[in-house]
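Listed in order, the protein sequences are those of chains F and Y.
Going by my numbering, the first sequence wraps up at 114, each residue one higher than the last.
Going by my numbering, the second sequence wraps up at 114, each residue one higher than the last.
The hints are simulated quantities; they were obtained by calculation from the structure and are not laboratory data.
What you are looking at is a predicted structure, and each value in this text was computed from that prediction instead of being measured.
It cannot be assumed that every hint is accurate.
Unchecked claim - The following label-pair restraints were derived from C-beta to C-beta distances:
1. F/Glu82 - Y/Val52: 13 to 21 Å
2. F/Asp22 - Y/Gly108: 15 to 23 Å
3. Y/Ala39 - F/Thr56: 41 to 49 Å
4. Y/Arg79 - F/Ser53: 43 to 51 Å
5. Y/Lys54 - F/Glu82: 44 to 52 Å
As the list claims (entries may be wrong) - Part of the chain Y face toward chain F, derived, beta carbon under 8 Å:
6. Leu21
7. Val25
8. Tyr73
9. Ala97
10. Ala102
Beta carbons: idealized from backbone N, C-alpha and C, even for Gly.
2 protein chains.
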Amino acid sequence: MDADRTPHHPDPRTVSLQQVLDALVDPVRRSIVTQLDGARADVKCGEFDLPVSKSTATHHFRILREAGLIRQYYAGTARMNELRGAEVEAAFPGLLAAVIEAERAAQGAGPGGA
Amino acid sequence: MDADRTPHHPDPRTVSLQQVLDALVDPVRRSIVTQLDGARADVKCGEFDLPVSKSTATHHFRILREAGLIRQYYAGTARMNELRGAEVEAAFPGLLAAVIEAERAAQGAGPGGA
């Protein structure tokens with residue numbers, strides 16, 4: 001059993017709006033949730049396209065998990081990430097979807113965008 | 001003419017998502033936009049219910065104005081504030097409405113709420 005390797009995942013309904021916004025105000029963390037939202041399946045920590053070191057990325061994943069925005073679990077030795085989209089939508093209607101939409105628009109308008 | 005007393009108001013479409021979220025991540029500034037959204041008319045700077053000094057409030061109004069979220073103008077000697085709801089909605093669909101809804105829900109759930 002991997003139960004002792006599974007970190008804490010708060011119910012998004014118990015997370016404050018402040019904590020959710022503190023998580024989403026960081027551009028690396030917005031990139032993580034936007035990539036997760038656009039992925040066809042859950043994503044390994046090492047498979048994100050991020051401009052930071054592995055240890056810094058690990059910090060950002062933890063902030064997102066503690067804010068109720070992502071679920072992390074092990075598949076063998078890989079730590080997988082899943083967006084808790086439906087649960088977050090129930091707790092903060094429209095918020096995450098609006099941030100992801102705006103993030104995609106900003107990326108599209110940027111120098112690397114379409 | 002009051003043109004030289006009217007501060008700069010950027011078009012919300014030219015403001016970055018980062019700047020908008022940096023503005024909305026602060027609880028005093030969320031309180032300001034939520035009070036403006038619930039007001040029947042534009043609100044004088046001195047008429048907000050805020051837990052900060054007048055000079056600190058002035059700083060928060062400026063951050064909101066520079067993020068394209070509020071419009072400030074003079075009516076006689078009073079500085080008035082107006083939420084730029086429709087313009088922000090066009091630039092960042094759903095975002096401000098979701099933040100205000102969540103802010104109201106958080107206030108309602110708090111010790112001072114209904």
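Worksheet item: With a cut-off of 8 Å, does the beta carbon of Y/Ala102 approach a beta carbon of chain F closely enough for the hint to hold?
Response: holds, 5 Å
Worksheet item: Given Y/Leu21 as an interface hint, is the shortest Cβ-Cβ distance to chain F below 8 Å?
Response: Holds: closest Cβ of chain F sits about 5 Å from Y/Leu21, inside 8 Å.
Worksheet entry | C-beta pair F/Glu82, Y/Val52: status relative to the range 13 to 21 Å that was hinted | violated, 39 Å
Practice prompt. Identify whether the interface hint at Y/Val25 stands, where standing means a beta carbon of chain F within less than 8 Å of its own.
Written response: holds, 5 Å
Discussion item. Take the shortest C-beta to C-beta distance between Y/Tyr73 and chain F; is it under 8 Å?
Written reply: With Cβ-Cβ at 27 Å, over 8 Å, it is violated.
Discussion item. Verify the CB-CB distance for Y/Arg79 and F/Ser53 against the hinted window 43 to 51 Å.
Written reply: holds, 46 Å
Worksheet entry | C-beta pair F/Asp22, Y/Gly108: status relative to the range 15 to 23 Å that was hinted | Since F/Asp22 and Y/Gly108 have Cβ atoms about 21 Å apart, the given range 15 to 23 Å holds.
Practice prompt. Identify whether the interface hint at Y/Ala97 stands, where standing means a beta carbon of chain F within less than 8 Å of its own.
Written response: Since the shortest Cβ distance to chain F is 7 Å, the answer is holds.
Worksheet item: Is 41 to 49 Å right for how far apart the beta carbons of Y/Ala39 and F/Thr56 are?
Response: holds, 42 Å
Discussion item. Does the beta carbon distance between Y/Lys54 and F/Glu82 stay inside 44 to 52 Å, or does it fall outside?
Written reply: holds, 47 Å
When the structure is compared with the earlier hints, violations turn up for hints 1, 8 and for no others.
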